[in-house]
Amino acid sequence: MSYVFGIMIALAFLFSLISGSAGAMSQEIMDSASGAVTLLISISGMLCMWSGFMRIAKDCGLIDKLSRLCAPLLRRLYPDVEVESDAFRYISMNISANLLGLGNAATPLGLNAMKELKKQNPSDTASDSMLTFVLMNTASIQLLPTTVAALRKSYGSQHPFDILLCVWITSALALTAGLLSSKLLLHRRSKRPWKSLSR
Amino acid sequence: MEIIIPLIITALCVYGLFKRVNIFESFVDGVKEGMRTVVFIAPTMIALLLAVGMLRASGLLDWIAELIRPAAEAVGFPAELVPMGLLRPVSGSGATAILTGIYEDHGADSFLAKCASVVAGSTETTFYAVSMYYSAAGITKIRHTLFSALLADFIAIVLSVVTVGFLL
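So the protein sequences, as listed, match chains A and B. Read the first sequence against the working numbering and you will find it ends at 199, with the numbers running on by one and no gaps. Read the second sequence against the working numbering and you will find it ends at 367, with the numbers running on by one and no gaps.
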């Protein structure tokens with residue numbers, strides 16, 4: 001992260017020398033720190049509100065309900081994981097929390113799921129289920145993109161949630177593409193030992 | 200579509216009361232957690248908004264976007280989204296900084312802003328998630344995880360333009 005930060009600043013400085021935008025740059029440096037704080041304060045209200053409502057959802061047992069709803073689908077995605085195992089329970093709770101946009105709740109659940117999957121696969125190579133699980137967490141699958149909506153609202157959007165349908169379609173198809181490519185690659189690899197056996 | 204948010208909120212509260220959950224206390228607890236999240240992300244946000252702000256002011260991002268523009272335009276893809284696509288898998292706060300830059304330059308209800316919002320809402324910080332989850336399980340050989348994850352990110356960026364173009 002230090003490299004990212006340092007390289008970004010150095011690149012910006014070098015390029016401003018070339019393009020002669022040093023004046024705009026020093027103005028930007030003065031503005032951006034205070035701009036960042038203003039931004040954080042203006043999104044924090046909506047962020048806190050949603051986090052509050054999602055906590056209600058959690059305390060009502062809606063997360064547990066959702067994870068039971070997800071179980072039939074998840075069973076197909078994780079054929080190696082037993083439904084009654086702790087790993088499967090953590091996986092479905094993580095996915096449900098993600099769906100509700102509870103990133104903070106989802107992360108510890110996901111880390112537990114990975115630890116449980118590790119017990120079934122004690123090596124330093126990722127198992128098929130681990131791969132699928134990490135892919136599902138690198139794609140965003142939340143039902144309400146509240147953070148983005150809060151940002152848009154703070155920049156004067158009239159209907160910050162009008163992108164909802166587009167977000168659902170895009171994230172669902174992107175995740176499907178990721179999982180599909182992964183399954184295809186797994187399939188190709190899993191054929192190899194069979195080939196070597198048949199010879 | 201405008202009714203969906205008030206509906207969800209009301210349904211949640213009514214369901215909570217029905218389930219005899221102390222919904223007020225739950226809400227306040229959730230708000231506390233949200234506040235903690237804000238405080239937690241604040242330092243990185245300030246650092247990255249500064250760095251991305253400098254990059255934007257220097258004109259480097261415009262220059263890169265300008266380089267890719269012919270290729271992007273040839274397939275009908277808006278070049279202004281290219282920096283967003285490049286930064287999104289690496290840095291969540293960096294992508295947020297670019298997103299707010301687009302809101303500022305083009306307005307939060309513009310076509311570009313909608314596309315960029317869809318990208319932000321339908322992708323995650325891929326590298327962060329991959330490193331965090333695998334390090335929790337002590338995995339060093341991640342096989343084709345990054346390939347598939349970045350493929351999903353790429354598809355999301357392309358689809359954001361397609362869906363916003365067709366549906367909004």
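Worth flagging that the hints you see were computed from the coordinates, not collected in a lab. Among the hints, erroneous ones may be present.
Here are some of the chain B residues that sit facing chain A, going by a computed Cβ distance under 7 Å [claimed, not checked]:
id, residue
1, LEU216
2, LYS218
3, MET253
4, ILE263
5, LEU266
6, SER292
7, ALA319
8, THR325
9, ALA328
10, SER330
11, SER334
12, ILE338
13, ALA351
14, ILE354
15, VAL363
16, LEU366
Every residue gets a Cβ at the ideal spot worked out from N, C-alpha and C, and that includes glycine.
Do the hints match the structure? See the list:
1. LEU216: violated (9 Å)
2. LYS218: holds (5 Å)
3. MET253: holds (4 Å)
4. ILE263: violated (10 Å)
5. LEU266: violated (13 Å)
6. SER292: violated (9 Å)
7. ALA319: Holds: closest Cβ of chain A sits about 5 Å from ALA319(B), inside 7 Å.
8. THR325: Holds. Min distance 4 Å.
9. ALA328: Interface hint status for ALA328(B): holds (5 Å vs cutoff 7 Å).
10. SER330: violated (10 Å)
11. SER334: With Cβ-Cβ at 9 Å, over 7 Å, it is violated.
12. ILE338: With a minimum Cβ separation of about 5 Å from chain A (threshold 7 Å), the hint on ILE338(B) holds.
13. ALA351: Since the shortest Cβ distance to chain A is 3 Å, the answer is holds.
14. ILE354: holds (4 Å)
15. VAL363: holds (5 Å)
16. LEU366: holds (6 Å)
Comparing the model with each numbered hint stated earlier shows that hints 1, 4, 5, 6, 10 and 11 do not hold.
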